[in-house]
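J.: Those protein sequence lines, which keep their order, are chains A and S. Take 1 as the starting number for the first sequence in my numbering and just add one per residue. Take 287 as the starting number for the second sequence in my numbering and just add one per residue.
Among the hints, a few may not be true.
[Unchecked claim] With a straight-line cut-off of 35 Å between C-alpha atoms, the simulated DSBU-like cross-links for lysine-lysine are:
(1) A:K147 x A:K161
(2) A:K84 x S:K701
(3) S:K701 x A:K223
Hint data in this document are derived by calculation from the structure and do not stem from the laboratory.
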Amino acid sequence: MTDATPAIKVEGVTQAYGAPGDALRVVALENASLAVAGGELVCLIGPSGCGKSTLLNLMGGLAMPTSGKIWIDGEPVTGPLPQKVAYVFQENALFPWRTVLDNIKLGMEFQGVPQAEREPRARESLEAVGLSDFADHHPGQLSGGMKQRAQLARALGLRPKILLMDEPFAALDEQTRMVLGEDLSVLLARTRKTIVFVTHSLVEAIFLADRVAVFSARPGRIKQIISVNEKHPRNRSFMTSPKLSQLRNELYELLHDEIRRTMDQPDPEATSTSDETFTAGDGGKT
Amino acid sequence: MSGSRLAQRTVQLGFLVLVGLAWQITAIRGGVSPLLLPPPAAVYREFLSLLKTGMFWPDLKVTLYELSVAFSIAAVAGSAIGYVVSRSGYAIRVFDPLLAGIFAIPAILLYPLYVLFFGLGPGSKIAMGATIAFFPIILNTISGLSRVDSAYVTAARSMGASSPQMFWSVMLPAAFPIVLTGLRMGLILAFLSILGAETIASFSGLGHQIAGLAENMDTASMFAYIVFVLLIAFLLNFAVSFVEARGRNEGGMSAASSATGESAVRGGTGMRLHPAVARIGLVAAILVASEAGARAFGDPLFISPPSRVLVAIVHLAGEKDVVAAVTLTCWELIVAFAISLAIGLMVGLMVGMHRFTRGSIYPIILLLYAMPLATVLPLFVIVFGIGAASKIAFGVSHGVFPIILAVASGVQNIKPILLTSARSMGASRRQILFSVVFPPMLPSLFTGMRLGMSAVLLGVLLAELYVSQSGVGYLTSMFTQTFQPHNLFALVAILAAIAVALNELCRSSERRLNRWHV
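The shape of chain A in the complex, shown without the other chains (with noise of 0.2 Å):
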């Protein structure tokens, strides 16, 4: 918590989904409140459906909450903010019919960079993730985990001061997204982003923030929060030390008996997420 006021704040946020009284009534998040500082890494962790993801586009603009507010860098949230917040899908959210290097290039275009300036900071976002070789590549030519990286390669070209990532490793396999949290970490270190980050993942959530939420079950609550002291760049001796081990065994039990209360619930995702659709353009009117 250095600055003052704090890169994302959100208070007393519920999302809700369908009308009051309607039996399909779907309480994705109730009540939740959450600061997050300049340059901290946050993740997010809780069992299936507990609004994780909704609070994610909550933050960013992508929908409205149905009651309680969120401010980024002080300023009330009320559409998307592609100038100061970018986003990585879990999904493979590249354009497939654009190079790597056009699929970087179009999102400044869709942000507004000078036509001049697009070519030089694609090239230079790809170089950061390690991806220079690929620029001509379609992304339908890459593995699931350089696909990510692209994904982060254009996030990282929009120059955003926050990153929200949603799940962003979860398809990949387990050797694979251990290599780029690793290499996460040392972007983290070395830009000082503020990165919000949605898991499912024990490991990564105490290997990657500086502060775990940990949310409750359907209706989603953030029950605890648990802190992380570990400098950034984090490598191979963090992920083998007593300490992460501790912390998430500490963070098993937390979570243990809300993943159990989730498995006897309906699917929470099947409702929600098939309705955010087709409303393009006009700041989220889902």
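Got chain A sorted already, so can you dock chain S onto it with the hints?
T.: Leaving out everything else, chain S in the frame of chain A:
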């Protein structure tokens, strides 16, 4: 959810009421002669009396008789030959492209010839309907049987299934949904082409009745008949989808995977000609056989050997009339296609991008698409005259629907995450349309353009065959009536070449645009 569904129904109902109201008002006060546009009330009266008196029976019987015979022939021949071809992976590679190519040729051009062979009675309609229905049935039989998931075949073989057991218990149930789709398309196409044939030239049948009423300017009765035919068409559609839905349930989920071809077929190795070479050989053999047959047995008034047709092609290319006719038809085709594309893109995007529009307008579009357009051909002539305008309008009425459907489905298939991601990066509405929605839609747009192009060609030719003083359709009827089969075949060959060329152009563009689908 339930609230928005109610709103969608309201829009649909409102649309229909609005059309009815506009119709009534134009008919009464618009200064349009009731000969052109009878008020809906008059049509309703005629429709009721039509139902009460049962005047439709003789014509309905004729049309249904033609339909059932034509469909039976096509179904038996198509599935039997399809089965034989599907037994060998090699035969599939030889026949499949050939059949698909022939399918793209507007068979309706042969109708004057069929009239010559089979007369104006049901025979020529049956032949026409059977010809047109044959292709979707055989193509789907082949693709259904050849794409059965090889895991089923391997499993059955490991349990010791005999050849008949393999066919009846594994191949057929697995291929059933796709074969059934072919049968459905065949039935609908047979119905449409029989109605079209009846409209163009016939003694009897529903299409003939409508054309006759149009000529007598008895428009109220004509509309009543059109409404009646639409009713029959919807009943037919409904019955077929009902049977198909049941068939799908019984056959389980579509067990045939569409991704990999010829997996279940034992690929014959050994010394064989390249499929393309064999295909050319096959075509050459057919040409030689028909040359010999036509010279030996054919009546030169009805049929010509290929060599004479070839000479006629060269000869026709120098004839001013013919060049003018082809130019005119091509011009009508281009204008009709351009209009179809513009409307199709606009409506397709609207339908695809907005959930509400999709829910409210889409069912209406599907309803219109299922309409047997040939029955309203006389109406087009009444409204647009017998010049180019009615051909273009009728071509548009055919071409616009495949394009709308392709664009809408292309837009709907875009991954939502791409839109979310573009929005998070600050893309404007225009940027989303041009950079996110358009590029992945292009392949299906080209598919729609290909289907739309052959549909426009069909519409324009139908209109030219029905009533015209110029164009290719007119020339075909003239060559038939004046017993010049070599010229008729030559003209058909030229048209077929144009159709196949356009088809291939679209297909190769489709393939090129699909490059990034690695």
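J.: Please go over all the hints and tell whether each is borne out by the structure.
T.: Now the hints, each set against the structure:
| no. | hint | in the structure |
| --- | --- | --- |
| 1 | A:K147 x A:K161 | 22 Å, holds |
| 2 | A:K84 x S:K701 | 25 Å, holds |
| 3 | S:K701 x A:K223 | 34 Å, holds |
Checked against the numbered hints above, the structure violates none of them.
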